[in-house]
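**Student:** Protein chains in written order, with the working numbering: chain A, 1 to 314; chain B, 1001 to 1273.
Because the hints were derived from the structure by calculation, they are not lab data. From a predicted model like this one, the values you see are computed outputs, not experimental measurements. Hints should not be assumed to be uniformly reliable.
Here are the computed distance ranges between Cβ atoms for each label pair [stated by the list, open to error]:
| # | chain 1 | residue 1 | chain 2 | residue 2 | range |
| --- | --- | --- | --- | --- | --- |
| 1 | B | L1250 | A | P206 | 31 to 41 Å |
| 2 | A | G152 | B | D1246 | 16 to 26 Å |
| 3 | A | M137 | B | G1124 | 47 to 57 Å |
| 4 | A | E244 | B | N1042 | 54 to 64 Å |
| 5 | B | A1013 | A | A199 | 47 to 57 Å |
| 6 | A | P271 | B | R1009 | 31 to 41 Å |
| 7 | A | L302 | B | A1013 | 52 to 62 Å |
Here are some, though not all, of the chain A residues that point toward chain B, as calculated from beta-carbon distances under 8 Å [as the list claims (entries may be wrong)]:
| # | residue |
| --- | --- |
| 8 | E175 |
| 9 | P176 |
| 10 | W177 |
| 11 | T214 |
| 12 | W215 |
| 13 | P217 |
| 14 | V218 |
| 15 | D221 |
| 16 | I222 |
Just so it is clear, CB atoms sit at the ideal spot from N, CA and C, and this is done for glycine as well.
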Amino acid sequence: MSAPVTTTAHQVATRAFDWLRRSETYGGLPADSTADLADPNSDYKPLAETALACSLILREGVAGPREAQTARVLLDFAWQQLREGDLLYERQLRHPLMTDPLEVYAHFVRAGYRHTRLERLLKHLNGLRSRHAAEMMPNRRLAVANATRIAGFATEQEQDWDALTAGTWLGRAPEPWAIDWMTAYCLTHTVFHITDWGARPEALPPSLQSYLTTWLPVWTDIWKEVAQWDLVTELLIVGACLEEPYCDPVVWAEIAAEQHPDGMLPRDADPVSGDPAEAFKTHQHTTVVAAVAGTLTLSRTLGAPAPAPATVRS
Amino acid sequence: MPVTGTAPRAEYAEAVEELATRVLGALEGAEDTGLLAGFLRNADDIKAALAAVRALGADALAPYVLRGVPVGAEEADAVAEAHRVFPLVGAGPADALVMAWRDWATARVLASSGRPVLDAPQPGDMLEEPGGEDGTGWQSWSVRMAQLAPLALPGPDGPRKPGRPGQPGQPSKPGQPGKPGKPNALAALDSPVHEAARRHVRALARGAARSMLRRDPATAAGLARWLALVRVSGAGSPLDPAPLLDHVLLFRPGDARTALDVTIGQWMLRRAG
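Just chain A, same shape as in the assembly:
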């Protein structure tokens, strides 16, 4: 009999946040970074993801004092790496159609940080047709919409969420057996942004709630079988974003078993590098995902009535 999901999720999140403290050592931007960012995926994106995870743990309010303190320390660190927002401002000014400054800024807004000039710039850009017409993946469009919503540049009603959702793979409720690894990530991100990382489960249309309830168990099962821990844990976040959360204790138990004692969750079954800097680079994303999944699952299942015991069919 697996441990209750709440306990497992809490443990996974606590350990993951503990490991993420090493962001201060391994997760900074190179000292000579400019707003052009030679390799945004290697430092900038991980920094943003750490900020996201920390903003969520503070938002949910279920963290113990140690995790809450870690979150604040890491957010301050990340904000300082971004020169208190100046780097985001310069980047957005130089590259008006790039959406990452807004997306990254939104995580800081969620945690209470503001940058006045950046906001003025973002509000101005939000009024440009070009900005809205720029071509991008449908789930990226949803990311922008959510970030716009969080940062307060548009109200709920000013954005056509139905149209944005209809443009995604998930929005069509397709054949669940005609999915691939990349599409699964499109799906997870679609749910993250529509629901603002589980803050608004009701924002997901009922037909998609029921579609996901039916098919999430299949996708977690098959990708678990090939040790795709990163994707499986993202699917668990999706589960926590539903109005009736899908939190399979068996899947959670496996994730907890895969998590290293120091809190790192490996991306997959490949051997983990012994070099801490390299291990950080490779597995930081998955550990962030574990921290988020654990936090949201803890939050959604806390205070939920105990599940009815399984009845035996005669």
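On the provided structure of chain A, position chain B as indicated by the hints.
**Tutor:** Then chain B, alone, in the frame of chain A:
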């Protein structure tokens, strides 16, 4: 020796493919009232041929059942011989139960045709079904249901709809004075297994999607066949079996056993209109 039907010994696999090809031919083309007897008569390896008849189970009789054509005495004898040479032996209790249900289906089809040559009573046990609100155990249950695909065999009028009066094996037309009643080869199979299928449509659908994604088209075909039967019986299904059946066929070109499941599934969907 264990004969579970979905994993015959390597040396019999060829015979299974050959028989499945002939059954497919009979389904798609001209009638052949001596298909099984002819298959055994012309076999180079009679043991492999008998194993193939045993492995296909009720599906070997599909051309008769779907067309409503009575099963002849020679055909029934061919099946009986296959069961005599290969008695039921399962690799484990679950395998044995699957075989026992498959054998019941074969016996039922023969009895409905007035050929009660097989003694294979309806098993008292059932597979352990998915439980709880989340349907825990759907993975293993769905794999077993795929092995039970030969039970998803409709009559010429389609599958038995739940709640319809009538019992399998009863004559469809009462006997005229002085004449025996017409044997009912037309009765679609129905049983607690079919009831379980209707109860756990979501588990069937999950199993079908899972097996496709695991590149296991044989299991997917068996489950899509159940989904076709359930859908045509009037139950809803979260998965449309039609594109799945088409996809399985393309995925495994040349695999007659899988094609047989697909063809029967498609036959059911066509009858539903």
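**Student:** Does the Cβ distance between A/E244 and B/N1042 fall inside 54 to 64 Å?
**Tutor:** With a Cβ separation near 59 Å, A/E244 and B/N1042 satisfy 54 to 64 Å, so the hint holds.
**Student:** Taking 16 to 26 Å as the hint, is the beta-carbon distance of A/G152 and B/D1246 inside that range?
**Tutor:** 49 Å, violated
**Student:** A closest beta-carbon separation below 8 Å is what the hint needs, so does A/T214 meet it against chain B?
**Tutor:** Since the shortest Cβ distance to chain B is 5 Å, the answer is holds.
**Student:** Can the hint on A/P176 be confirmed by a CB-to-CB distance to chain B that is less than 8 Å?
**Tutor:** Because about 5 Å separates A/P176 from the closest Cβ in chain B, which is inside the 8 Å limit, the hint holds.
**Student:** Should the hint that A/E175 touches chain B count as held when the rule is a Cβ pair under 8 Å?
**Tutor:** 6 Å, holds
**Student:** Is the shortest C-beta separation between A/V218 and chain B less than 8 Å?
**Tutor:** With a closest approach of 5 Å, the A/V218 hint holds.
**Student:** Close enough to count: is the Cβ of A/P217 nearer than 8 Å to one in chain B?
**Tutor:** At about 6 Å, which falls below the 8 Å cut-off, the nearest Cβ of chain B leaves the hint on A/P217 intact, so it holds.
**Student:** That 52 to 62 Å hint for A/L302 and B/A1013 (C-beta), does it hold up?
**Tutor:** 54 Å, holds
**Student:** Verify the CB-CB distance for B/L1250 and A/P206 against the hinted window 31 to 41 Å.
**Tutor:** 34 Å, holds
**Student:** Can you tell me whether the CB distance of A/P271 to B/R1009 sits inside 31 to 41 Å?
**Tutor:** 39 Å, holds
**Student:** Given A/I222 as an interface hint, is the shortest Cβ-Cβ distance to chain B below 8 Å?
**Tutor:** Holds. Min distance 5 Å.
**Student:** Does A/W215 hold up as a contact with chain B if the rule is Cβ-Cβ below 8 Å?
**Tutor:** Constraint on A/W215 satisfied, holds at 7 Å.
Figure legend: structure checked against the earlier numbered hints; the only hint not met is number 2.
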